[in-house]
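Here are the chains, one letter per residue:
Protein chains: 4
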Amino acid sequence: MVKVLIVYASDHGGTEKMAQAVAEGVKLVPECEAELKRADQATIQDLLSSDALLVGSPVHMGSIDWRIKKFIDTVCSGAWMQDKMIGKVGAVFASGAGYGNGGGGCELTMLALLNNIAELGMLIVPLPKNTPGYQAAGLQWGPYGRAHAEDLSPKGLSEEQLISSRNHGKNVATVAKALKGIQVFA
Amino acid sequence: MVKVLIVYASDHGGTEKMAQAVAEGVKLVPECEAELKRADQATIQDLLSSDALLVGSPVHMGSIDWRIKKFIDTVCSGAWMQDKMIGKVGAVFASGAGYGNGGGGCELTMLALLNNIAELGMLIVPLPKNTPGYQAAGLQWGPYGRAHAEDLSPKGLSEEQLISSRNHGKNVATVAKALKGIQVFA
Amino acid sequence: MVKVLIVYASDHGGTEKMAQAVAEGVKLVPECEAELKRADQATIQDLLSSDALLVGSPVHMGSIDWRIKKFIDTVCSGAWMQDKMIGKVGAVFASGAGYGNGGGGCELTMLALLNNIAELGMLIVPLPKNTPGYQAAGLQWGPYGRAHAEDLSPKGLSEEQLISSRNHGKNVATVAKALKGIQVFA
Amino acid sequence: MVKVLIVYASDHGGTEKMAQAVAEGVKLVPECEAELKRADQATIQDLLSSDALLVGSPVHMGSIDWRIKKFIDTVCSGAWMQDKMIGKVGAVFASGAGYGNGGGGCELTMLALLNNIAELGMLIVPLPKNTPGYQAAGLQWGPYGRAHAEDLSPKGLSEEQLISSRNHGKNVATVAKALKGIQVFA
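Chains as they are written, first to last, in our numbering: chain A, 1 to 186; chain B, 1 to 186; chain C, 1 to 186; chain D, 1 to 186.
To be clear, the hints were calculated from the coordinates, so they are not data collected in a lab.
Hints are not guaranteed to be accurate.
Where chains are identical, the list cannot tell them apart; a pair therefore holds if satisfied intra-copy or between any two copies.
Straight-line C-alpha distance at most 30 Å; calculated DSBU-like pairs for lysine-lysine [to be verified]:
hint	residue 1	residue 2
1	Lys37	Lys180
2	Lys70	Lys27
3	Lys84	Lys155
4	Lys3	Lys155
5	Lys3	Lys180
6	Lys180	Lys155
7	Lys155	Lys70
8	Lys180	Lys27
9	Lys84	Lys180
10	Lys37	Lys27
11	Lys27	Lys3
12	Lys70	Lys180
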C-alpha cells in the first residue's frame with residue numbers, strides 16, 4: 001500500500017472539508033490509503049511511515065495557521081534533521097476568506113507550506129491548470145478554497161470548490177505510487 | 001511640487017487603465033504631480049527626478065512582464081548602484097486574468113515588483129484593507145485588477161475595480177508629500 | 001514620545017540579541033523609546049499604544065517561528081479587524097543557521113513577517129544597502145543574522161553582525177518620528 | 001532517451017558555468033541527455049521535445065533576469081496555453097553576488113522561476129540538504145552560486161560550488177527517467 005498523510009488545521013471547517021476531499025481523491029487510486037490528522041495530533045511516526053505528505057492550512061494574516069507552524073517546527077523539523085523524508089512526495093492546499101479578489105495572501109501561505117516540503121527534500125506536486133475544479137478553486141501551487149463572499153460574509157465551500165481538492169489528492173497518490181520503491185535521489 | 005513617477009507595461013489595456021487611475025489619484029493631492037511612462041520609455045533621469053515610484057505589471061506565468069523586468073534590470077539597477085532612490089517612496093500594482101479564484105500568481109508578481117522597490121531602499125506603501133475599492137480589487141501589497149471572468153473570457157476592468165488604484169495613487173502621493181525634504185535614513 | 005514596539009521569539013539567543021540591538025538603535029533617536037516584548041508576552045494594548053512595530057523571528061523550516069505566528073494570529077489579527085494599525089510604521093528582522101550560503105529560507109521568513117505588516121496597513125521600512133552593517137548581516141527586507149558557520153556549527157552573532165540591526169531600529173524610529181501626527185492614509 | 005532541457009541566461013559566466021555543471025550531472029544518468037540553450041535561443045519545440053526542464057538565472061534586483069522572463073512570457077506561455085508540459089519534471093538554479101549574507105534576493109528569484117514551472121503543471125525537484133555540494137552552494141529550492149566576496153569583489157564560482165549543480169542535474173534526470181512513460185496526472 002501507498003500511504004498518503006494529510007495534516008491540517010481548521011477554524012470554521014473549511015480546511016477540514018478540503019482535507020476530507022483530498023483523502024477521498026487519494027482513495028480513488030488503487031493500493032493507496034489516506035490518513036487524516038489534525039496538526040496537533042500528527043507525530044513523527046506518521047511522517048516516517050508515509051509515502052506522501054499533504055499539508056493544508058487556513059490563511060491567517062497572509063501566512064499559515066500557527067498550529068500548522070507548530071507541527072512544522074516541532075514535528076517536521078525532526079524528520080528534516082534525520083533526512084528521513086527525502087525523495088517522498090509532497091503537496092499543499094489552503095482555504096481563506098479571500099477579501100479583495102487577489103487571493104488574500106493565499107499564495108505566500110502556500111509557499112510557506114511548500115518551503116517545509118522543499119526543506120524536507122520532497123518532490124512537489126503542483127496543481128495543473130487543466131485539473132477538474134481548478135476554475136472554481138485553484139492556484140498553481142494547490143487548491144485554494146475561498147469560503148467567504150466579496151463582502152466577507154461566510155458562505156462555506158461549495159461542492160464545486162471541493163473538486164480540485166479531490167483531484168489534487170488523486171494526483172499526489174498517483175505520483176507517490178509511481179515512485180514507490182524507486183530511489184530518486186542517489 | 002512632489003513628483004510621482006508611474007511606470008507600467010500593458011498587453012490589452014488593463015494595467016494601463018490602472019496606471020491612469022493611479023495618476024488621477026496622485027493629482028487629487030495638492031502640490032503633487034504624476035508622470036506616466038511605459039516601461040520601454042522610462043529613463044534613469046525619470047527616476048532621479050521623482051519623489052515616489054509606482055510600478056505596475058500584468059501577471060505573466062506568475063511573475064512580472066519581461067518589459068517591466070528589462071526596465072528594472074537596465075534602468076533601476078543604475079539608480080541602485082548609486083544609492084539614489086534611498087528614502088523615497090515606492091508602491092506597486094498588477095492586473096491579470098486571475099483564473100482559479102486564488103489570484104493566479106498576482107502575489108508573487110507584486111513581491112517581485114516590491115523586491116526592486118526594497119532593493120532601491122524605498123519606503124513601501126501597502127494597500128490598507130479599509131481603502132475604498134479594496135473589496136473589488138485589492139491585495140495587501142497593492143491593487144490587483146482581475147480582467148477576466150471565471151471561464152477566462154475577457155471582461156476588462158470595471159470602474160468599481162479602478163477605485164482602489166485611484167486611492168493607492170492618492171496614498172502614495174500623501175506619504176511622499178509628508179516625507180519630502182525629510183532625511184529618513186541617516 | 002514616539003514608541004517603537006519590538007516583538008521577538010528566540011531559541012538560542014540570536015534573535016534576542018538582534019532585538020536588543022534594534023532597541024539600542026531606536027533610543028539613539030531623540031524623543032523615541034523602545035519596548036521589547038517576547039511574542040508570548042505582547043498584547044493588543046502594546047500594539048495600540050505604539051507608533052511603530054518591529055517583529056523578529058528565527059528561521060524554522062523556511063518560515064517564521066510558531067510562537068511569532070501565534071502572536072500574529074491571536075494578537076495582531078485583533079488590531080487588523082479594527083483597522084487600528086493603519087498608517088503606522090513596520091519592519092522586520094530574522095536570524096538563522098543559514099546552511100548552504102543562500103539564506104536558508106530567510107527571505108520567505110521575512111516576507112511572512114512583512115505580510116502581517118502589510119495586512120495591518122503599515123508603511124514598510126526596508127534595509128537600504130548603504131546601511132552600516134549591511135555587508136555582514138543584511139537583506140533588502142531587513143537585517144539577517146546568520147548564527148552558524150558553513151558546517152552548521154554554532155558561532156553566535158558577532159558585534160559586526162549586530163550593527164545592521166542597530167541601524168534598522170534607528171531608521172524605523174526616524175521614519176515613525178517624521179510621520180507622527182500626520183495622517184498618511186486619508 | 002530521456003531529454004533534459006537546460007535554459008539559462010548569464011552576464012559574467014557564473015550561471016553559464018552552473019548550467020554546464022547541471023548538464024554534466026544529467027549525463028551521468030544512463031539513457032539521459034542534456035540540451036543546453038541560452039534563453040534567447042530556446043524554442044517551443046525544445047520544450048515540447050523535452051522530458052524535463054531546468055531554468056537558471058542570474059539574480060537581478062531580487063528577481064530573474066529579463067531575458068529569462070522574456071523566454072517565459074513568449075515561449076513557455078505557449079506551451080502553457082496548450083497544456084503541453086503537464087506531468088513533466090522541472091527544477092531551477094540561480095547565481096548572484098549575494099551581498100549581505102542573506103542570499104541577496106535569490107529565494108524570490110528561484111520562486112519566480114518555480115512559478116513558471118508550477119504554472120506549466122510540472123513536478124518540482126527541490127535540492128535535498130544531504131546533496132553533495134549543498135553546504136557550499138545550496139538552497140532548498142535549488143543550487144545557488146554566489147559569485148562575489150563579502151565586499152562585492154568578483155571571485156567567480158569555485159569547483160566546490162559547482163558540485164550541487166552537478167548533483168541537481170543528476171537528480172532531475174533520475175526523476176524524469178523514473179517517470180518516463182507514466183501518466184502522473186490523470
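Structure-based check of all given hints:
1. Lys37 / Lys180: within (22 Å within a copy, 33 Å between copies)
2. Lys70 / Lys27: within (28 Å within a copy, 34 Å between copies)
3. Lys84 / Lys155: Classified as between: cross-chain Cα gap 27 Å, same-chain 40 Å, threshold 30 Å.
4. Lys3 / Lys155: Cα proximity of lysine 3 and lysine 155: none, with 33 Å in one copy and 41 Å across.
5. Lys3 / Lys180: Answer is both; intra-copy 10 Å and inter-copy 23 Å each pass.
6. Lys180 / Lys155: neither (40 Å within a copy, 40 Å between copies)
7. Lys155 / Lys70: both (29 Å within a copy, 26 Å between copies)
8. Lys180 / Lys27: both (16 Å within a copy, 24 Å between copies)
9. Lys84 / Lys180: both (15 Å within a copy, 25 Å between copies)
10. Lys37 / Lys27: within (16 Å within a copy, 42 Å between copies)
11. Lys27 / Lys3: within (10 Å within a copy, 33 Å between copies)
12. Lys70 / Lys180: Answer is within: at 29 Å inside a copy they meet the 30 Å cutoff, but 37 Å across does not.
Comparing the model with each earlier hint shows violations of hints 4, 6; every other hint is respected.
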